[in-house]
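Novice: So the sequence lines, in the order shown, correspond to chains Y and P. Taking the numbering used here, I'd label the letters of the first sequence as residues 1 to 756. Taking the numbering used here, I'd label the letters of the second sequence as residues 1 to 756.
Be careful, since some hints might not be right.
It does not matter which identical chain is used: a pair holds within one copy or between any two.
[As the list claims (entries may be wrong)] Quick list of in silico lysine to aspartate or glutamate cross-link-like pairs, EDC-like style, CA-CA up to 16 Å: (1) Lys-28 / Glu-227; (2) Lys-28 / Asp-228; (3) Lys-86 / Asp-110; (4) Lys-232 / Asp-27; (5) Lys-749 / Asp-621; (6) Lys-232 / Asp-24; (7) Lys-316 / Glu-203; (8) Lys-60 / Asp-110; (9) Lys-176 / Asp-156; (10) Lys-588 / Glu-91; (11) Lys-756 / Glu-187; (12) Lys-670 / Glu-435.
Hints are computed from structural coordinates only; laboratory data are not their basis.
These are the residues of each chain, in order.
2 protein chains.
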Amino acid sequence: MNGSPISYSDKKYKVLGTRPIRHDGTDKVTGRAIYTNDVFFPDMVHGKILRSPHPHARIKSIDTSAAEAMDGVLAVVTSKDWPELKDKVAELGEGAVNLADLAGNLLAMDKVLYKGHAIAAVAARDVHLAEEALSKIKVEYEVLPAVLWVQDAMQDDAPILHEHLRTDHMGKLGDKPTNIATHLLFEQGDVDAAMEKADVVIEREFKTASVHQAYIEPHNSVALWNEDGHLKIWTSTQGAFTCRHQVAELLQIPISSVTVTPCEIGGGFGGKISVYLEPVAALLSRKCGRPVKMVMQRDEVFEATGPTPGSYVRVKIGATREGKLIAGEGYLAYDAGAYPGGMIGPGSMCLFSCVDLPNARVNGYDVCLNKPKTQAYRAPGATQAIFAFESVMNELADTLGICPIELHLKNAAKEGTRRVDGPIYPRVGLVECLEAAKSSEHWNTPLEGPNRGRGLAAGFWFNIGLKSSVSATVNHDGTVNLLEGSTDIGGTRTSVAMQLAETLGIAAEDVHPKVVDTDSVGYTDVTGGSRTTFATGLAAYEVGLDLRQQLCQRAAMLWDCDAEEVKFDQGTFSRNGDSLTFRQLAEKLPETGEPVVGRASISKDVSTNAFGVHICDLEVDPETGKVRILRYTAIQDAGKAIHPSYVEGQLQGGAVQGIGWALNEEYYYKDDATMANASFLDYRIPTCYDLPMIDTIIVEVPNPDHPYGVRGVGETPIVPPPAAVASAIYHACGVRMFELPMSPPKLWKAISESKK
Amino acid sequence: MNGSPISYSDKKYKVLGTRPIRHDGTDKVTGRAIYTNDVFFPDMVHGKILRSPHPHARIKSIDTSAAEAMDGVLAVVTSKDWPELKDKVAELGEGAVNLADLAGNLLAMDKVLYKGHAIAAVAARDVHLAEEALSKIKVEYEVLPAVLWVQDAMQDDAPILHEHLRTDHMGKLGDKPTNIATHLLFEQGDVDAAMEKADVVIEREFKTASVHQAYIEPHNSVALWNEDGHLKIWTSTQGAFTCRHQVAELLQIPISSVTVTPCEIGGGFGGKISVYLEPVAALLSRKCGRPVKMVMQRDEVFEATGPTPGSYVRVKIGATREGKLIAGEGYLAYDAGAYPGGMIGPGSMCLFSCVDLPNARVNGYDVCLNKPKTQAYRAPGATQAIFAFESVMNELADTLGICPIELHLKNAAKEGTRRVDGPIYPRVGLVECLEAAKSSEHWNTPLEGPNRGRGLAAGFWFNIGLKSSVSATVNHDGTVNLLEGSTDIGGTRTSVAMQLAETLGIAAEDVHPKVVDTDSVGYTDVTGGSRTTFATGLAAYEVGLDLRQQLCQRAAMLWDCDAEEVKFDQGTFSRNGDSLTFRQLAEKLPETGEPVVGRASISKDVSTNAFGVHICDLEVDPETGKVRILRYTAIQDAGKAIHPSYVEGQLQGGAVQGIGWALNEEYYYKDDATMANASFLDYRIPTCYDLPMIDTIIVEVPNPDHPYGVRGVGETPIVPPPAAVASAIYHACGVRMFELPMSPPKLWKAISESKK
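Here chain Y stands alone, though its shape is the one from the complex (with noise of 0.2 Å):
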C-alpha cells in the first residue's frame, strides 16, 4: 500500500513527484540492453580463473607451463604478472588503498588468504578449454592454520594473515604481528560520568553472520589491450571512472589511457565498485593480443568477492527513568576479510546516529581473517551497528514500559545534533518518519494472534557529495540528450533526467540521458552512497541553468533585448508580450547561431542524511523457528521523492534484503573452513513467495544541501530491519535474540532454551 508522500514542503513541482516509464524500461524488458556479457568480438577468447582450495595457505609454487602448451590456450598470467606495487598506495576515492593488496586479492601474492583466493587466470578459445588448463596447473601449497570469527582472530594465539600489522587489541600498536587492521575511537561528552548517573544501564553482545549484496548478476568483464597501449575495459561496475582509476593504478598506466564503458549493471548494493576481473582480464589480454571475456561463475562470486563484515558488537546504554538517554558506549569488532579496509568506519559513526547523545564513546576494530575481503553492502556498516543499538533501544522500551516511538521521539537525532563521530546535523526528517509511524494504519491496527509480535526500529544512512558530471545538448525538436557518468542501477536516468526536465520546465520523456564511458563525460563518482539522485541530480539542475541562461540570450537575440530582460517560468521564456516555450524557443535554435551545449560539475564535500523507521508484524512457529512476515511497512524521509515508484522501490528491496539479513542469510561454513551454501540454492535469498508487500509511507523533510530538497534513499532502507524483526520476535514469542540470522534452528533453540 504506496501513498502519497507526507511532505513538509509548500514548493510545488511539475515534473519531480510523478511517475513516468523509465527511459531504458523497454530495453530492459525486452533484453536489448547490453549487459556486459552481450558484448562481443569476432576473436575475442575467455579467461577463467584458479582459485584456491585452502582457506589459507603459503603458495610454494606455481608450475603453469602444462596449461601454456595446450592447444587454444593463449595466455596464461599470475601475480607475477603485476607491475611492481609493493608500497605503493593510491587515492582511490575512499582514502588511500594498499595497491598490493589490491593486486594480491585478485591474484595471490604468496599466501593464499581464503578458499576461492586466485591464484591464476587463464585465456583459451573457449571456456570449456580454459576451465581444462586451469586443471592443469599445479600449485604447491603449505596449508595453515585459518580464522573465521572476528573475535577468534583478535586473540593472541590467532594465525596471522598479514605479517605487518601491529596493532592490538587495546587499539595500541605493538610489536607482536596481529590481524587488527585498524582500531577507531570516536567519543563526545563524559561517558563514564553520565553513565554512573544513569537510571537505567542496559549492555548486550550481538553477533551477525556474513552475508553477501547477492546481486542477480555475476561479475563479468571484456578487456582489450590495443596494441596501440590503449586499454578498453566493458565491464559491470558501480562507478566506470572509479575502475578506471582502479585497473590504472594496479596496471601502473596513465588513467587516460584506459576507457571503460559501464554496461547495464543487474545490481551492485555496493559489491560492484572494487575491481576483480577487469585488471586480470587486462593481463590476458595484454599477453595474447585479444579481446578477453570474463565471467564469474554462482560460488566464485559468493567465495571470492566482497561479502559484508561479519560482526560482533557491544552496546551499553545509560538513560533516566523517563527514558531520556544520557550514555552510550560502544564496541564494535568487524570482520575486514582477508584484507585491511573493512567497513569499521561507517559502522562506528552510524552507531549512535539515530539519537541525541551528548556522553558517547565508541571503539571499533577492524579485523582480518580468512574469509573473502568484505566489501560495502547497502549501507556498509550501519546494519551490524544500528541491529544492535536498535535492540538495545527496544529493549529499554520493553523494560520502561515506554512505547517505542514515544522512546525514540524523545531521543531522536535531529537539526543540531551532534553524532559521535562529530557532524552536526542539519535539518533532518527522523521525527517526521517517528510521527508518521505513529500516525499510520498500519500502527493503529491491532496484531492479534498467538505467537505474533510486533517490531519496529530506526535506521540511518548517509548521502555523500563527492563529483559528478554532466552535459546536455538542446535537439531543435524540443528535447534535450543528456550525458551523465554515473552509472544506473536503481532508475537513474530516469531521477536525473526528471530534475532537468524540471528545471527546464519540460516532460520527463523530453529528457534524453544516456550513460556514457569515461571517455564521454566529465570525472563522475560511483554510483553508491545514496548518491546519485543527490549529487548528480545536482549536477543535473545546474546544467538546466546553464542551458536556462543561453536560452535566455537567444529569446533575446529574437527579441533584440537583453538577455538579462528575458524572464523563465515554467518552462516558458517571455519578455513584455512576447513568449516562447522551450520547445518553440529549441526549433529557433538552428537559426540564431550556435548549438546550444551545457555542462556542470559538481564537487560537494558535505554528506547529507536520511533517516528511516520500519514496522514488522510476524508470526513465529514455536515448533521449528520459522518466522513468518505477516506485514512491514518502510517508513523514509526522501527530502523529495523524484520518482516516488522508485523511492518505493528502494524501501522495499531494502527493506527485503534487510529482512533476508535477519531472518535466513549467512555464509555458512563447514568443519574445513570453507563455505557450504555458495549457491544461490543453498544461500537463502527472501522471494516474493517469503514475504508479503513491503508498504512504504515517503516522508518529505527538503534536504537543505539540495534545490529540490533531495535526499538519497537507497542504503537506509536496510538498516532497520534485523532490529524491528528481532524486536518483533520477543513480543511474539518472549525470546530475545542477539545473533543475526535468527534462523529457525537459531530460533527454535533460543525457544526451546527460554522453556527449560
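Starting from the known structure of chain Y, arrange chain P on it as the hints suggest.
Specialist: Below, chain P without anything else, positioned relative to chain Y:
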C-alpha cells in the same frame, strides 16, 4: 617530394605544423576500427533491395506476396511504407529539400527514373534468402524512353521525368513540362560592352562525363527500430546529424527519437551525405522488430548512388592584347540525375572564381535525366566549370604567347576581388601559389623528349563554416578527452585535436579525440565543404580557451589570488614566482573542486577560400592515345597546415582523383541506356601503378577567419587536374581536348583527325 610549407606568417607554433601519428592509426592498420559492417547483433537480419532493370518506366504494379510468404523472410517494404510526404519540404543543411523526391529516390514511387532505382526491400534471415526473395517480387513496368545527356534532356521533345518541372531552356517558367529543375543567373559589370572592347575573344564548348566518388567502402547501414519508438542507426556517413535529420524527416518522427552512430568511414568525398539505406533499413526493422543490416554491392554503388554531374559548359572570355581579362561569359548545363538538386549552384559560382573579372555573366541549368541522382563529389561542380575556364585561359596564354603563370598572375583573384556570385574575397593565397609554382623546381626544370608536354591550371573551392560542437574533459593525468561530432574521413580527429593541444600547450598525443553519436555531442554539420579542420578546429580552439579560463581559476584557488592574475603561456600557468605546467595543475584538480569540463559550439556563416595551382608533365602515345603522367606537382594555400602530412595526402588524393576524371573515369552507357562498367574492373580509377608520386608544395597564407589561419584543403586539389592535363596534352601533341575523359580512344581519334 614534399618540403616544408612556404609560410606567409611569422607565428610560431609548438604543435601545429608537426606530424604526430594519428590517434586512430593503430585501430585502422590492425583492423580493430569498427566499420558499419562490423556492427553485429545476435538477432540481426539482412536487407537487400530490388532495383529497376529499366532506366525509365512507369510501375504498374508490385506483387510482394510470394516474397513475403517465403520462410526466413521477415519483412518486405515498398514506397507504400513511407509516411505521407507529398509537398513536404525540409531544410536539410543545403536548402529546402523535397521529401517526396528524397524518399522516391530510396524507394521509387510511381516511376523508376534510372537503371538501379530501388523499388522494394526485403529483410531475411540471411543475405542469400533476401536475394532469393527479391527474385520473387513481381513488378509490372510500362517502359518509357530514356534520356542520358544533359543537352538532349533540355530539348523540347525530350522524355520528361517529372511532370511538375516547368523551366524552359531560356530559364523562363512556362506551361510545358521540361526537365530543367533550376536556372541560375549570376552577373556583374557590363559583360556585353566589355566583350566588345576585347582584343581577343575565345569561346569554347566542353563536355564532361558522369564520374563517381568511388569510395572503397560501399554504403552500409544497420537500423534498429526499438519497441519504445526509438530508432538507432549505425552507418557510414559524412554527417551523423545530417543523417539523423534526413531519416527523421523521411519517417516523419522527431529528430530526438533517432540516434545515429557514425561508424568509421571508408571514403565519402561528398557521396555519403545523402541517405540511401538508413531509412529503408529502418522501415524493415519497424516491420520485423529486429536490427536490419544492409550492405550495397559495388554495382549498386555505381548505379544507384550519386555520381557527380555530367556537364555541358560553354565559356567565352575577352581579354586585352596584354592578357588582361575584361569580360567573361559562361553557360553551364549540369546533369542533376533523376531528381532536381544538382551541383549547378557551386559550379556557376566557381566558373570565374580564380580571376579578378569585373564583367562576368553565368547562366546555369540543373537538368533532370535518367541517371542516378547526382551528389557532391569533392569540390562539387567546380571541376567541370574550372576545366572549361582554365582550358580557355591556357588557350589564351598560348594564343598571346604569354607564360600561363604570368597570365594567371595578371588576372589572379586576390583580396578585394568580387566573385560573380557576389562575395568579395578577404586575404587569399592564389598569387602566392602561382609564385610558388613559378619558383618551383618542377616549373624550372625543362621537359624534354618527343610527345611530351607540360600544363598548368589553377583551382578554387570554398571552406564552408556552418555549425560544429565539441566538448572536452581534463583527466588528472594531464590529458584531455575531446568529443566531436565530425566524422573523421581524412585524419580530422588529429587535425582537430592538434588545435586543442596547441591552445592548451600540451602534446597532440595528450588529447584523446573521439567521434561520438548524435546523442553525445552538440549538433555538428557534415564533414564536407572542406570545413572540418577549419570549423570543428575552431570549436576545438574555443573549447581550449574555455578550459584555460577554468584552469586559471583553479590555479588562482591554489595560489589564493584572483584568476586575472594568472597568466597562461605555452602550456604553463604562472603568477609571480608560482608556476604550474598544464599537467601539474591537472594533477591537482581533484583536490580543487569539481571536474573540469569544457564545451564550445560555433556557427559560422562565413565561407572562406582555398586556391591551388597544379603543374603536370605527361607523355602522349600517339599510336594509342594513351597518356602517361610523368611528373605532377600540386601547390595549395593551406592557410596553416595543421598536420602537413595530411595536407599533402589531401593534395595527392585530390590530384589523383582529378587525373582519373581527366583521363579515364566515366559512366559508360550502352545503347539500352544502362551502364556498361559498374565495377572496379571496368570503371578505371587510377592506382599507384598508373601514376608517379604526386609532389606537393604547401603555401601558408593565413586565413583571417580562423585564429590559427587554417583553410580547409580537402576539395580544391581535385579541381585543376583536367585543365592542367588537357593543356599538357596540347603541348605534347598539339591537340586541344574539350571533353572528359580524355581517354585513349578519344585522344587517339582527336590526334588522328588533327593529322588529316
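Novice: Hints first: check each against the structure and report whether it holds.
Specialist: Hint by hint, here is what the structure shows:
{"no.": "1", "hint": "Lys-28 / Glu-227", "in the structure": "between (35 Å within a copy, 11 Å between copies)"}
{"no.": "2", "hint": "Lys-28 / Asp-228", "in the structure": "between (35 Å within a copy, 11 Å between copies)"}
{"no.": "3", "hint": "Lys-86 / Asp-110", "in the structure": "within (13 Å within a copy, 76 Å between copies)"}
{"no.": "4", "hint": "Lys-232 / Asp-27", "in the structure": "between (24 Å within a copy, 12 Å between copies)"}
{"no.": "5", "hint": "Lys-749 / Asp-621", "in the structure": "within (12 Å within a copy, 108 Å between copies)"}
{"no.": "6", "hint": "Lys-232 / Asp-24", "in the structure": "between (24 Å within a copy, 14 Å between copies)"}
{"no.": "7", "hint": "Lys-316 / Glu-203", "in the structure": "within (4 Å within a copy, 108 Å between copies)"}
{"no.": "8", "hint": "Lys-60 / Asp-110", "in the structure": "within (8 Å within a copy, 81 Å between copies)"}
{"no.": "9", "hint": "Lys-176 / Asp-156", "in the structure": "within (9 Å within a copy, 107 Å between copies)"}
{"no.": "10", "hint": "Lys-588 / Glu-91", "in the structure": "between (47 Å within a copy, 13 Å between copies)"}
{"no.": "11", "hint": "Lys-756 / Glu-187", "in the structure": "neither (41 Å within a copy, 114 Å between copies)"}
{"no.": "12", "hint": "Lys-670 / Glu-435", "in the structure": "neither (46 Å within a copy, 90 Å between copies)"}
Hint violations for this structure: numbers 11, 12, all remaining hints satisfied.
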